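If you want the building blocks of each chain, they are given just below.
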Amino acid sequence: MIRLAKVGVFLASLIPFAGLLWGFFGRGPFDMTTWGAGLGANPIEKITHVTGDWTLRFLLITLSITPLRKLQKLPWLIRFRRMFGLFAFFYGCLHFLTYIWLDKFFNLHEIFADVAKRKFITIGLTAFVLLIPLAVTSTAGWIRRLGGKRWQSLHRLIYVSAIAGVIHYLWLVKADIRKPLQYGIILGLLLFYRIWVWLVPRISRSNAASVVPRTRTAN
Amino acid sequence: MLIKKADDIRSSEITPRDLYLNRRKFLAGIGVAGAGAVAAGLGLRRLMPGADNVLADSKISGLQKSSFSTTEKITPMTDVSHYNNYYEFSTDKEGPADLAKNFKTRPWNVTIDGAVQKKQKLDLDSILKFAAPEERIYRHRCVEGWSIVVPWIGFSLSELIKRAQPTSKAKYVQFTTVYDPGQMPGQRANILQWPYVEGLRMDEAMHPLTLLCFGMYGENLPNQDGAPLRIIVPWKYGFKSAKAIVKISFVEHEPNTTWNLANPHDFGFYSNVNPNVERYHSQAYERRLGEFRPRPTLMFNGYDQVAGMYSGMDLASNY
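So the protein lines, in turn, are chains A and B.
Position in the first sequence (first residue = 1) + 10 = our numbering.
Position in the second sequence (first residue = 1) + 73 = our numbering.
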């Protein structure tokens, strides 16, 4: 059952990519003059925006697995987490490729200047690079090799990557910060859940520690 | 022998829209050359109040050609009318085309005030009679890094300024866009400081290239492109070219312009197209809509004739 669902989710996750391919080649795959015609007036900008948006969305979906699993008691959700994480990386790769290829046409001078001078590029690149070790170590073999604990610590980098990704979006818009703010609020909630889960047992433990002696004296 | 059926014609073989539009321009040109009674008659009809309701379409006839026009390939009109930075309607570029559909451009008045002899409120149709409409095919460069080539219609802004008779105190010209949140959904959000304000130095405003614009592609300006009246300053980034203007003020000091207030570091008052000054993005290259590879951006967007106005100015600090 889960296996079938996984195939379904996999195919569904490819829909944005398929939409881009269709928009790009749909008007005649062998006629270069029609390339991109289905993606509006500025196809390269459109591809950049779509791949960037879906990178962030898949990061947020990946980060929402654990809270959903725990709060809604849906333990089987864990089996989808790696796939969502890898899709975040997939769209991140497309986003990065679009930038260096379609946007900058491998103009290394321009790219280096961009990375050095424009902080939204710097932080966007950071967000992407941080995803690489996570994608590489996403296999069962790597979990075994690293050991569960170390693997988990490494994969906490996704928090940093997601924060960097949202800041990247926030810094690049000219004035209308509403969309990056939406991402930011959702990410904030997802991170707040983790802080909460980490903090609550510690607080209750320290409370318990201070309460216990008093109850004893009352006895 | 191969006989092609009608449905064998690939869409790429059909005359592209821009060629088709050139044909229309060619016809318009004939109208000018002939200066025939028919063309003149149509022209007058257009300038008559309410003429727009009478005419089935919004073609502007009797267009003069301009020596300022570039011979570069014109961007298809569908791109120019469906890819708009017009935050009054939407911050999505595809948004304004639909959201501006029912925007009312008549009646329309423009207030002329400040340091002028003739403070007045002008009806749009009387402004359109100030001079013969010219077609000016200009390069248009957005600070976001894309560019288009557009056959705008209008006449030099100086025609209006001369009639307003600015006094010696008029050092700058300030343009104010209409504030109408009922019709402009973007103004209901606090994205920028509304109404939109732009400005030019007096000599920039008087420069013959600076266009008071009310049409494009042989037609009235579409609402999403700044109808009914805007300016076009082709050597500056696109945001300097204010849309839907209701007030033109002549002032002594540099106006506080909207984008400059929003982000003074990235958007300077001058905002001349300059590949050497990096603000917001690198400005060394641009993507011409319809082209695949980036092309180098030219100083003053290729309008070198404006360079004299900035001689002795440090354009790196006065960006």
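Quick caveat, the hints were computed from the structure, so don't treat them as lab data.
Quick caveat: nothing in here was measured; it's all calculated off a predicted structure.
Just so it is clear, CB atoms sit at the ideal spot from N, CA and C, and this is done for glycine as well.
The reader is advised that the hints may include incorrect statements.
As the list claims (entries may be wrong) - A short, non-exhaustive set of chain A residues, derived as facing chain B with CB atoms under 10 Å:
hint: 1; residue: W45
hint: 2; residue: G46
hint: 3; residue: G50
hint: 4; residue: E55
hint: 5; residue: K114
hint: 6; residue: F115
hint: 7; residue: A123
hint: 8; residue: K184
hint: 9; residue: K189
These are the hints, each one checked on the structure:
no., hint, result
1, W45, "holds (8 Å)"
2, G46, "holds (8 Å)"
3, G50, "holds (6 Å)"
4, E55, "holds (7 Å)"
5, K114, "holds (7 Å)"
6, F115, "holds (6 Å)"
7, A123, "holds (6 Å)"
8, K184, "holds (7 Å)"
9, K189, "holds (9 Å)"
Consistency with the previously given hints is maintained throughout, with no hint failing.
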